[in-house]
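The lines below spell out each chain.
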Amino acid sequence: MSLLEVNNITIKFGGLTAVSDFNLKLEKKEIVGLIGPNGAGKTTAFNAITGIYKPNSGTVVFDGIDITGILPDKITKLGIGRTFQNIRLFQNLSVLQNVMVGHHLRIKSSFISATLRMPGYVKEEKAMEEETRELLKRVGLIGLAYEKAGSLPYGQQRRLEIARALATHPKVLLLDEPAAGMNPQEANELMNFIQQIRDTFDLTILMIEHHMAVVMGICERILVLDHGITIAEGNPEQIRGNQRVVEAYLGVEEDA
Amino acid sequence: MELHNKKKTLLTIGSIVLLFIVLTWMQRNFDGYKIRIVNLCAINIILALSLNLTNGFTGLFSLGTAGFMAIGAYTSAILTMSREVKEMNFFMTPMSPALLNINTSFFVALLLAGLFAGVAGYLIGSPVLKLRGDYLAIATLGFGEIISVIFTNLQTITNGALGLKGLPEYTNIYWSWAIAVLVILGFSNLMNSSYGSALKSIREDETAAQAMGINLYSHKILAFTISAFLAGIGGALLANLLSTIDPTMFRFFYTYQVLLIVVLGGMGSITGSVVSGCIMAVLMEALRSVESTLDLGFMILPGIPGMRMVIFSIILVSVVLFLPNGIMGEKELSLMNILSKRRSGANESTRG
Numbered sequence: 000m001s002l003l004e005v006n007n008i009t010i011k012f013g014g015l016t017a018v019s020d021f022n023l024k025l026e027k028k029e030i031v032g033l034i035g036p037n038g039a040g041k042t043t044a045f046n047a048i049t050g051i052y053k054p055n056s057g058t059v060v061f062d063g064i065d066i067t068g069i070l071p072d073k074i075t076k077l078g079i080g081r082t083f084q085n086i087r088l089f090q091n092l093s094v095l096q097n098v099m100v101g102h103h104l105r106i107k108s109s110f111i112s113a114t115l116r117m118p119g120y121v122k123e124e125k126a127m128e129e130e131t132r133e134l135l136k137r138v139g140l141i142g143l144a145y146e147k148a149g150s151l152p153y154g155q156q157r158r159l160e161i162a163r164a165l166a167t168h169p170k171v172l173l174l175d176e177p178a179a180g181m182n183p184q185e186a187n188e189l190m191n192f193i194q195q196i197r198d199t200f201d202l203t204i205l206m207i208e209h210h211m212a213v214v215m216g217i218c219e220r221i222l223v224l225d226h227g228i229t230i231a232e233g234n235p236e237q238i239r240g241n242q243r244v245v246e247a248y249l250g251v252e253e254d255a
Numbered sequence: 000m001e002l003h004n005k006k007k008t009l010l011t012i013g014s015i016v017l018l019f020i021v022l023t024w025m026q027r028n029f030d031g032y033k034i035r036i037v038n039l040c041a042i043n044i045i046l047a048l049s050l051n052l053t054n055g056f057t058g059l060f061s062l063g064t065a066g067f068m069a070i071g072a073y074t075s076a077i078l079t080m081s082r083e084v085k086e087m088n089f090f091m092t093p094m095s096p097a098l099l100n101i102n103t104s105f106f107v108a109l110l111l112a113g114l115f116a117g118v119a120g121y122l123i124g125s126p127v128l129k130l131r132g133d134y135l136a137i138a139t140l141g142f143g144e145i146i147s148v149i150f151t152n153l154q155t156i157t158n159g160a161l162g163l164k165g166l167p168e169y170t171n172i173y174w175s176w177a178i179a180v181l182v183i184l185g186f187s188n189l190m191n192s193s194y195g196s197a198l199k200s201i202r203e204d205e206t207a208a209q210a211m212g213i214n215l216y217s218h219k220i221l222a223f224t225i226s227a228f229l230a231g232i233g234g235a236l237l238a239n240l241l242s243t244i245d246p247t248m249f250r251f252f253y254t255y256q257v258l259l260i261v262v263l264g265g266m267g268s269i270t271g272s273v274v275s276g277c278i279m280a281v282l283m284e285a286l287r288s289v290e291s292t293l294d295l296g297f298m299i300l301p302g303i304p305g306m307r308m309v310i311f312s313i314i315l316v317s318v319v320l321f322l323p324n325g326i327m328g329e330k331e332l333s334l335m336n337i338l339s340k341r342r343s344g345a346n347e348s349t350r351g
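Chains as they are written, first to last, in numbering that gives the first Met the number 0: chain A, 0 to 255; chain B, 0 to 351.
Keep in mind the hints are simulated off the structure, nothing from the lab.
Ideal Cβ positions, reconstructed from N, Cα and C, are used throughout, including at glycine.
Not one of these hints is a red herring.
Derived contacts from chain B toward chain A, CB cut-off under 10 Å, selection only:
no.: 1; residue: SER192
no.: 2; residue: ALA210
no.: 3; residue: GLY267
Okay, chain A solo, but in the shape it has when bound (with noise of 0.2 Å):
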């Protein structure tokens, strides 16, 4: 049985179909990539999937669980993680902040621990900044643990919403154009950063992206979105290849 399942979602906002029987398996340790023009219902399918919207019909099965239309909060806690096509950190807080948020979800000392600093809390305190600095570690982002995230130049921000949503321990990790306005040597690290998560973290990724070197790169399958219909699927050789991709993209010669 595939890890996430998606089955002919359809998503309408009044009279508009923004997706339509949207289909899609995720095998384990896959990285899948999601393409297509702008306005495709690429982001919508995803915020359908995590839970922002909730599909007019069809089903999202994640680890053999409905999760179809479920809290967001509720899916993040069942293992799927995301980061957001505009970067939404929380600005005012630290780069250690913003992943120890990301570690909340799994506390089990009360507010009133917390708020009277009891043993059990203080402990549970301590192992989660452990863990938060073994992440930053990781993703090479612990010399700014202190910054706010705010701050950080925009590549370091992207990597820190990644670091942020793996502090959720996810199995599978959406992400929304993650090399949106990378420059090519930006992209060449962030594919060696996504591979190296996904064996690190044994990830499960789904990703929109338009920077077609990064896309073409990583991932193993890919689905083409147009008006919210599926266009193509397949490896990034048959996606090249495929005439229908090339005209959704180019637009389709017309005899005169």
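Given the coordinates of chain A, work out where chain B should sit on it, guided by the hints.
Relative to chain A, chain B alone:
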């Protein structure tokens, strides 16, 4: 790290001891009027932290403080007044007999005042916290007014519009400051814990906080309930300080005053609330002089009642214009930081 914590604990204990030495000195040397101002400082701190928790730290614009204060004040009043005083107060309609004989210690009264306000906060919070921004502000504001109207009409419990007089004046500077210190310590512990980070993350970006697995509803209601609990205790301390309460005391005006303290001090700063809570208590009294007749030498200005509030409004407008984040912004000041900064400064100067 261990050493750091030990030093911190020592510093905290040291400053608390120092504070209480100063308070004892004040108790011996100040007249009743000044002692009342010192008490008001502590009460302002508690109320400001209560409102800062929702508005500054969690980003929920709530305006229900006065309502929760009223619940706390009346709870404490009914619990601490003796049977004789109650009978004297309820000369229009007699008090419901179940409440007539209740009489508890001040400590129990304060605790129950907080708990009742907290429960009210929880009950109000459940439906209201689904709203955001302005809508939440309007709904909580409405709640405050509703409490005031209910208390005016619950003749047999609250004595209605006549109010309650002759409350025992239990609140002294030890009670009020001991509670203020406890609240400050607990509050900063909570805010520095991962619960605090979670609340702040909701303020920063709700969608992202939820995507990090934070249950928005349970954290918002937690902040709202603690805030109501603190407002209830503040209201109880105030009631037993003034010894007279009536429902009109706890109208929107009081919430506005607390909001002013929070905005002046800085939304999201504990230090800011403490500092501006004290400043407000002192200024409120110091500015009374502008309401009395002023002799400028060449002309005599007649006293205008209400001038204080004009000056306060001017202060508020200037703060919003020139210091939009308040005195402290979101920053905190602690002895630990000051000391370590001094040291690093000294090191630099020796190096240079």
